[in-house]
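With the hints as your guide, set chain B onto chain A.
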Amino acid sequence: MNTNLKILNVTKIYPGCVANDNVSLEFNSGKIYALLGENGAGKSTLVKILSGVIIPDEGNIYLNENNLKLNSPLDAKKNDIGMVFQHFNLFETLSVFENLIIDSDDERESLREKIDTIMKKYNFSIDLDIPVLNLSAGQKQKVEIIRCLIRSPKVLIMDEPTSVLTEQETSELFLSLKKFSEEGILIIYITHKLKEVMQLCDEVAVMRRGKLVSVSEINNENIESLANKMVGQNLKTIKKKKTKTSSDQLIKITNLNFTSEDPFETNLMDINFSVNRGECLGIAGISGNGQSELFQVLSGEIISKKNSIEFNKNYIGDLNPQERREYLMAFSPEDRLEQAAIPQMKIFENVALNNFKSSNFFNNGLINENKIKEHSKKIISDFNVNTDNIELKSQFLSGGNLQKLIIGRELITSPDLLICFNPTWGLDVGAINYIHETLIKINEQNKSIILISTDTDELLKLSDKISVIHKGKLSKIMNSEEVTSEKLGILMGGAN
Amino acid sequence: MIIDINFIGLIIASIMASAVPLILASCGELITERSGVLNLGVEGMMIIGAISGFALMTVTGSLIIAVFGAMLAGVLISTIFAFLTQTLITNHVATGLALTIFGIGISAMIGKNFVGIPGKEFPVLFEGLKDTIPLFGPILFGHSIVFYFAFALPFITSYFLKKTKIGLIVRAVGDSPESASNQGINVRLVRYACILYGGAMSGLAGAYLSMIYTPQWIENMTGGRGWIALALVVFSTWNPIKILIGAMIFGGLTIIQFHMQAIGVRIPVQFLTALPYIVTIIVLVVISRDSRKIRLSTPSSLGKSFHKDN
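Here the protein sequences come in this chain order: A and B. With the working numbering, the residue at position 327 of the first sequence is 327, and numbering never jumps. One rule links them: number in the working numbering = place in the second sequence (from 1) + 1000.
Keep in mind the hints are simulated off the structure, nothing from the lab. Built from N, CA and C at the ideal position, the CB exists for glycine as well. A couple of the hints might just be wrong.
Stretch-level coverage of chain A by chain B, calculated; a stretch enters the list once three of its residues show a Cβ under 8 Å from a Cβ in chain B [claimed, not checked]:
(1) 84-90
(2) 101-110
Listed next, the in silico DSS-like pairs over lysine-lysine satisfying Cα-Cα at most 27 Å (straight line) [to be verified]:
(3) A:LYS373 with A:LYS393
(4) B:LYS1165 with A:LYS78
(5) A:LYS6 with A:LYS179
(6) B:LYS1308 with A:LYS393
(7) A:LYS487 with A:LYS252
(8) A:LYS193 with A:LYS441
(9) A:LYS78 with B:LYS1308
(10) B:LYS1163 with A:LYS78
(11) B:LYS1308 with A:LYS211
(12) A:LYS121 with A:LYS78
(13) B:LYS1162 with A:LYS114
(14) B:LYS1293 with A:LYS471
(15) A:LYS211 with A:LYS193
(16) A:LYS252 with A:LYS461
(17) A:LYS393 with B:LYS1304
(18) A:LYS69 with B:LYS1308
(19) B:LYS1163 with A:LYS114
(20) A:LYS252 with A:LYS305
(21) A:LYS239 with A:LYS193
(22) B:LYS1165 with A:LYS114
(23) A:LYS346 with A:LYS371
(24) A:LYS441 with A:LYS373
If we strip away everything but chain A, and leave its shape as in the complex, we get (with noise of 0.2 Å):
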């Protein structure tokens, strides 16, 4: 049973972008294809559309040789394609077994024996009368691969499916989906991780900006091949010159304790460590296991007890972010639109917002637009925002462009400490590469950064030294040269 899947001249057209321009592309049954593409590049409007979730404004998808009309995610169920999507369309406050079977036509009984079967044929372990709230992230994948299986699919999409996922859990996704394909289910694999692509897929689909760039074979590429083809441009790879680092103490934590309230972020247990001038220090780990608990107490959104945190000589453990600004830390959160920025405001008004007390932006109260404009233009010109508009809201900037000047408002006062929490979350690989070259640049002018992390690659390249966090728990500090990738993913999983 050979199944082929074919796209023919797809266009979809946004207001102000193209995001998929006459994209034509063949499936056959039996290989894994990969669609690389930058964040941006049109990959997931393109599988949107194969899954229904999207409408083409032109163009026509077939399925062994059937025209599918494909108006609603049903009518790409009924017709044997799965998606497993990038954020999970799952119902986190409802059981595993509800969230199967709610689209699902068999009756319970049924329904629990074929996916007793699944589970035991791809060695899945998963409780399925727990919420789903309490499942990691790759449980959770596993939840949605299973929604699909049970409906027998013949093709199975998979959107930037390890984002979420440990080195360990990645490597059992990548035999799961092997055997799915020897199976016959047709794969597609949607990522920008290069690596991913050449040890997974048979096949390579590039897009940039919408178009498809080139359709190769796997084993005519390598690495520095597809990543020219996904930039459009010669990439030059950044290095980090790993000096000898001052001895001179900047910031020690000591014995620093979180408990929460809220039973769904993760206590903080016995966080000890110190950072020395002109020194990075990465903190790696799975998401959820306290790094953004960390990064509260560290920038003062949770205050702690005065003499846990030691900066510059100063107790600071009890000040708020705004008064620890003042003590020259500057700190860049995970969420550039909720938490960095306010997505309503303008540029220029953003900028002034982690800048109250020490400068000259207001006088008696009263808010002084010039120089917080000129200020502004500043940060502009200097970290290489692309616009010249400071009215505009910050809604509108794209990720690489809000993180930029995100970085720029902070380091703009010249602080000794930047804390970080994953600043390139989300950007395309131009905008990665200068946020890399602007936190190399920090150490080197002997200021320190404290960079929270999921991002394995970044960590190696940007640290010194590095802590792997895992249930609110920092494991030993380690000097970067001696860690391997291999190494972190265990101590990411909990093993010691």
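Chain B alone, transformed into the frame defined by chain A:
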């Protein structure tokens, strides 16, 4: 002083009767909110139900037409809310408040002609069994069909949400409309249905007030019960059984404070009148302290507009 045991039964029965409109309206609103829609128009829908029921009864003389007409009136007015919030994507809170103001106003206008007209007697069931069992006789027997329906409703609602597929879909939509939509569930349709159901139950609650509880029309006769029903839903953490408990406490305190006022207890009247509101909320807050359960039963998308982009 000898207290007749049947007298206690009668007091309990009167407490239950005063809880009926709260249970009906809360259970309806609970379904609406479980689908992620916050309808603050309960008071307005209730009073529309009250005047429609009473007017239809007076005009047609048929109790059946009156009861179903009141429910239909609730459905119609909630359709306005549904159209505005689901089709035109207006803000839930503002639209709901407008609905209440609209309902109170229009009911007063229609009701002008019905002030002072006596109501009809509503048939009660099992009247003859009232004296057969001491204490429980008056509690269990001799009530209207709406009364029995109201006390069954929390259990039906709970069963519906937990055990049926449609209940599951309602919860799923309230949890994440985006996911539901991506799963091929018609979010707008589900939400429309839940809003209309909430309207029907509020209408019925209103009809109970004007046709059974105090069979007459008085302007603004719901007297804030719609707001209490809303509060019950939230403070019961979207749990129908706790709504029943809350409604009973509220009804009980309302009746008891009347009696206390009658006996002449030396506590300021204002405090006594406020008592049911305060105590009900305190009790519900105390019995709903488990934050894990709150998280699991709170509809995550409550009050947020869902707009499917294509």
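Status of the hints after comparison with the structure:
1. Coverage of a stretch by a chain is defined here by at least three residues with a beta carbon nearer than 8 Å to that chain's beta carbons; for the region 84-90 of chain A and chain B the count is 4, and the condition holds.
2. Counting residues of the region 101-110 of chain A whose C-beta lies closer than 8 Å to any C-beta of chain B gives 3; at least three are required, and the coverage claim holds.
3. Of the supplied pair hints, the one linking LYS373 of chain A and LYS393 of chain A holds, its CA atoms being roughly 14 Å apart against a limit of 27 Å.
4. Between LYS1165 of chain B and LYS78 of chain A, the direct Cα distance comes to roughly 20 Å. Compliance with the 27 Å bound is thereby established for this hinted pair.
5. Restraint check for LYS6 of chain A and LYS179 of chain A: the C-alpha separation of about 23 Å stays at or below 27 Å, so the hint holds.
6. Annotation: proposed proximity of LYS1308 of chain B to LYS393 of chain A holds, straight-line Cα distance about 23 Å (limit 27 Å).
7. Of the pairs offered as hints, the one joining LYS487 of chain A and LYS252 of chain A holds, with about 26 Å between alpha carbons and a cut-off of 27 Å not exceeded.
8. Straight-line distance between C-alpha atoms of LYS193 of chain A and LYS441 of chain A comes to about 26 Å, which keeps the hinted pair within the 27 Å bound.
9. A C-alpha spacing of about 21 Å is found between LYS78 of chain A and LYS1308 of chain B, which places the hinted pair at or below 27 Å, so the restraint holds.
10. Pair hint LYS1163 of chain B plus LYS78 of chain A holds up; C-alpha atoms about 26 Å apart against a cutoff of 27 Å.
11. With a CA separation close to 25 Å, the supplied pair LYS1308 of chain B and LYS211 of chain A stays within the 27 Å bound.
12. A C-alpha spacing of about 24 Å is found between LYS121 of chain A and LYS78 of chain A, which places the hinted pair at or below 27 Å, so the restraint holds.
13. With a C-alpha separation of about 22 Å, the suggested pair LYS1162 of chain B and LYS114 of chain A falls inside the 27 Å cut-off, and the hint holds.
14. In summary, the hint linking LYS1293 of chain B to LYS471 of chain A is supported, as the alpha carbons are separated by about 22 Å, within the 27 Å threshold.
15. The suggested pairing of LYS211 of chain A with LYS193 of chain A holds, with an alpha-carbon distance near 19 Å, which does not exceed 27 Å.
16. Distance check on the hinted pair: LYS252 of chain A and LYS461 of chain A sit about 23 Å apart at the alpha-carbon level, within 27 Å; holds.
17. For the hint linking LYS393 of chain A to LYS1304 of chain B, the alpha-carbon distance of about 23 Å falls within 27 Å, and the restraint holds.
18. Under the criterion of a C-alpha separation no larger than 27 Å, the hint pairing LYS69 of chain A with LYS1308 of chain B is consistent with the structure, at around 19 Å.
19. As the CA atoms of LYS1163 of chain B and LYS114 of chain A are separated by approximately 20 Å, the hinted pair is consistent with the 27 Å bound.
20. For the given pair, LYS252 of chain A sits about 13 Å from LYS305 of chain A by alpha-carbon distance, which is consistent with the 27 Å threshold.
21. The suggested pairing of LYS239 of chain A with LYS193 of chain A holds, with an alpha-carbon distance near 19 Å, which does not exceed 27 Å.
22. At roughly 18 Å between alpha-carbon atoms, LYS1165 of chain B and LYS114 of chain A fall within 27 Å of each other, so this suggested pair holds.
23. At most 27 Å may separate the alpha-carbon atoms for a hinted pair to count; LYS346 of chain A and LYS371 of chain A meet this at roughly 15 Å.
24. Distance restraint check for LYS441 of chain A and LYS373 of chain A: the Cα-Cα separation of roughly 25 Å lies within the 27 Å cut-off, and the hinted pair is therefore satisfied.
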